[in-house]
Each structure stands twice: as C-alpha cells, then as structure tokens.
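S.K.: Since chain A is already given, all that's left is putting chain B on it; use the hints.
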Amino acid sequence: MTPSRIFNRATPYLFLAPAAIVLVVALLYPIGYLTVASFFDWRMGTPFADSTFNGIDNYLWILKDPNFRESFGVTMTFAFTVVVLEMFVGVGLALLLERPIRGMSVFRTIFILPMMIAPIVVGLIWRYMYNPQFGILNKTLKEWGLPAIPWLSSPDWALPSVIIADIWQWTPFIFILSLAALQSLSKSALEAARIDGASEWQQIIHIKLPLMMPVLVVAALLRMIDAFKVLEVIFIMTNGGPGLSTEILSLQIYKTAFVSWELGRAAALSNFLLAIVLVITIAMFLYTKIRDARLAKAQAAAEAY
Amino acid sequence: MRRYSATNTAIYYSVLICLCILSLGPIILMLLTSLKLKVDIFNEVSTFIFMPTLSNYVSVINDPSLMRYLGNSLYVGLISTGLTLVMGCMAAYALVRFRFMGRDVVSLTTLLMRMVPPAVLTVPVFAIWTFQYGLSNNRHGLILIYVAINLPFVIWILQSFIQQVPIQLEEAARVDGANPFQTFFLVVLPIIKPGLAAAAIFTFRIAWNEFILALVLTNRATRTIPVNISLFLTEHNIDWGRLMAMGMLIAVPPIIFTFVASKQIITGMTAGAVKG
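Residue numbers (the working numbering), protein chains in the order written: chain A, 1 to 305; chain B, 1 to 276.
Bound-form chain A, shown alone (with noise of 0.2 Å):
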C-alpha cells in the first residue's frame, strides 16, 4: 500500500499551503500587478488608483528613448561577454587541472568564497582596487613605469572595468562545474581513444567537450540569467556611469522609478528584462527536458542491449 493512499486527502494541501500563500501573495501578485502597472501613466507620490491608462504608451516611451537603447546595448554586451569569457577560462582551466588532487576540497572552497560574499561587497572591493591614485592595481601599472589607466572614470574602459570583476567573481562556478562534468564522464571511452592513439587535444575536442556539453550548455544558460540580474556591483563600482557606459537595464529600472519617480515606465521596463529572462528560462527548461528524454533512451537502449 502507498502512502499517497494511506494518507489524509487534505494532507497534501496543508503541506502546501504555506508556501502557496506566501509565494501568491508576495511574487504573484506583484509580478502581475507589475504587468497592469506598465501600461499605467503612473508617477510616485500618486496612489496607483490616481493614475490614468495610457495603453502602450509606456512601451512606445521606452522604444524612443535613446537611454533605453543604449542601456540595452550595455546589457547585451555586458551579458555576453561575461558569460563566452567565463566559459572559455572556466571550461579551459578545467581541462588543464583535471586529475586527481590532493587536496581539492580546500581550492574548492577558496574557489567559490567571491561567490559566496555579498555583491555589495564585492562592488565596493573593486571600486578600492580601481581608484585611480591609491588602488592596488595603478598603483602596481606605475611601479611597473607603465601609464595609469582610468578604470571607472572613462566611458570606455568602465565596461571592460565592470566585466573584470564579474569575471572574477563568477568563473570559479563554469570552472568547478566543468571540472565535476570531466570527473564524472565515462572512463571506457577516455580509455578506447587512448589506446587508439589519439592526442590530448583529439580526446579533448573528440571526446571530453561532447561528451560535457549538456553540461555545458546549461551553466553558460544559468549564468546568462544571472548576468541578467546583476545590480549591486556595477551600482557601487559606476552607479551606471560615466555617462551610461555601465548602465545595464536592471539599475535604469531602479533609476526610472526611484530616482525619475516614473514607476509606470520603470514597470515597462521591468516587463521588457523579465521577458527576456523568461525566454533564456524556457530554452534551458526545454534543453533539459530534452537531455533527459535522451538520456534514458540510450540508458534503455543500453539495458535492453
């Protein structure tokens, strides 16, 4: 007998309840509020009952609006950029350190700790290694009779500037994720490709990168929706700046609607990065789905052979 059946009919829903009316009342309904919001001309300091529906003119704004196209423009950068670096240095320090360890526990744990630490922190740690007269890293370019470089304070160089940390924060997660997929991947074709005589590089490029690519491709995934999310650091290391080089469209929602009190156009905003996060979501929850339906059939197919 299962304990579906033994079990209380209502049981399952007292479980659930909790969570259920929390996750209701304080994301649902806010995320669908946000979406009546956007088409609202609504500013702060009215009540959003005040405020008159205006359609689509929020979005219309938004699409005119030269901050939000070059805003845009940063994000997109920003995003891909950190993630292609991050998966080539991750993905290739990997490669090149994969065998047994001693020890690999503790550079595991040293690995992750720019992770684990708050963002605001993080931000506030590079802002100090960027300052211009005193930060440890013009410092050193001057010890080394080199030029200083404007690190935050030109448009040009705040972008690579900002990248740089997130880089450093984050390639430690395609790094340890890689290095798990390679320990976990099937020992019998390593070995029959190397008895075949193939190089390094053919087992690499031949066997060990497909034979991780579902890996793969789900950590570059990840990692772009929370290239998407991120505020803090570029909030405490540019605030955006000079100019909108670092602008990214997370801190031009927070902008719009706490700094230019447009709350109906910040919710426009806010509707345009969800869907994009959404669209990134539902390939990943669609590339897995996949993976897995093939992963069982060959695991049948190999039952069954």
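For the record, the hints were derived by calculation from the structure and aren't laboratory data. Just so you know, even glycine gets a beta-carbon here, dropped at the ideal spot from N, CA and C. Hints are not guaranteed to be accurate.
As the list claims (entries may be wrong) - Chain A stretches covered by chain B per the calculated footprint, using a threshold of three residues with CB under 8 Å from any CB of chain B:
#	region
1	12–26
2	32–39
3	98–108
4	166–175
5	252–263
6	273–287
M.R.: Chain B alone, transformed into the frame defined by chain A:
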C-alpha cells in the same frame, strides 16, 4: 591509472596556487585595508608593511546606529531563514510524496521564479508593501519578500533530498500508527538534515547579502547593513578603512559558512546544471 612526473606536478600545483591567490587576493586586500590607518591607505606607494590597527573596527562597533543595522540584518536573516525552511520542506514533501501536480509543472515554475531579477521586483513590491500591506519601513516586510524569493529554490533543493528517503521508513512509521505530520517531523526531517543545512545556508546568505529590495523597503531605523554601506560611498573623501571594516563584517558570516559547508554549497550551486 596515469602517472605524472614531478615537474608536471610542480607546475600543476603552482597554477592552482596562483588561481587561489587571484581568488583570495581582493578579499585579503579588504582585510588588510580594514586594518590600516588613513595615512597608510592614502600612501601612494604600495607597501605590505604597516602598523595594523583595530581602530576601524572599534569605531564601527562603537557606533550605535551601525550596531542597530547589524541587529536588523541578523533579525531579518534568521527569521526569514527559519520560515523559509519550515514552509519549504513541507511543500517539498507534499510535492514529492503526493504527486498531485505534474513534476514538470513544479520544476518549471520553480525555475521561472528563480530567474526573476530583483530589480524587476522593486517597483511592485515597493508599491504593494507601502500602499496595500502597510509593510514599508518595517523589518517584517523585508522578511516576507525574502521568504518568497527563497522558497522556490529551497523547495527545489529539498525535493531531491526527500526523494532519497526510503519510502519503507515512512510506511513503517505509518504502520506503527504515526499520522502524516508525525511521520514528516519525526521520520523524514531527521533524515534530510544535510539538505536542510544546505538550504539554510543558502537562504540566510541571500537574505544577509541582499541589497536592492532592502534599499527600497527600509528607512533609517529598519535599514540592513548592506544598505548602510552604500550610503557611505560618496564621490570624495571616502573613509575606506572604516568601509572595509564594515565590508568585513558583512563578508565574515558567508565566509564561515563556505568553510563549514563547502560541499553542500557546491551541490546546491550545481544542482540546476546537473539535473533539471
């Protein structure tokens, strides 16, 4: 088994140690700066030799408003963690054992809620908490939103732990006359302790580190420490020593968690990538 030469091993470990230095360097720099006097910080020649001083920490600890913000951070972090765990493991248990909702639906909604950028929540949460719930400038408002943003992930993580609990144990408890709640609290919960610990660390860390929602939802009295730090960052005359001491205060709990439970943290972080 392949063999590695001594030079190979030496190179290998030096690469690893370089990576550790890269990873830890900025954090150590924060620690060192927090121990420096202003004159040492503004010295334009880099030097590792200086008189360490605790004066920055002393000034932080002697500031009553800062201690209050620290208290707020702890209060919000601990209570939201406790609530999230209780609600999360009950929900996860129901979803695993009763199967009245498709598992795909659950994992997709969890994933969807997990991806919502915090910035997107600022506008509606600020408006609803202020005008409808009467929870703005109130620590409990912050707790409510932290529970909500952490729940999906906690449910997701705990589901995999609960699946590993042998169902025979629960059946045995049932036969002995335990009701569903007793089975859950006395049989299932003790077995999934490692999962609960991992979930607790995740939740507390997110509540402890969170900034933007706290910035929007709190005032002078209810502020948390991360919000307070941001207010110290002006264009000029930043007191870096004191700021870094505050930064250390925020960074220390997550660092301790990392050393205590790195294995669980890595499992939690990679859970999404390894299986859907």
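S.K.: Determine for every hint whether it applies to the structure shown.
M.R.: Hints, one by one, checked against the model:
no.: 1; hint: 12–26; verdict: holds (count 11)
no.: 2; hint: 32–39; verdict: holds (count 3)
no.: 3; hint: 98–108; verdict: holds (count 5)
no.: 4; hint: 166–175; verdict: holds (count 3)
no.: 5; hint: 252–263; verdict: holds (count 5)
no.: 6; hint: 273–287; verdict: holds (count 8)
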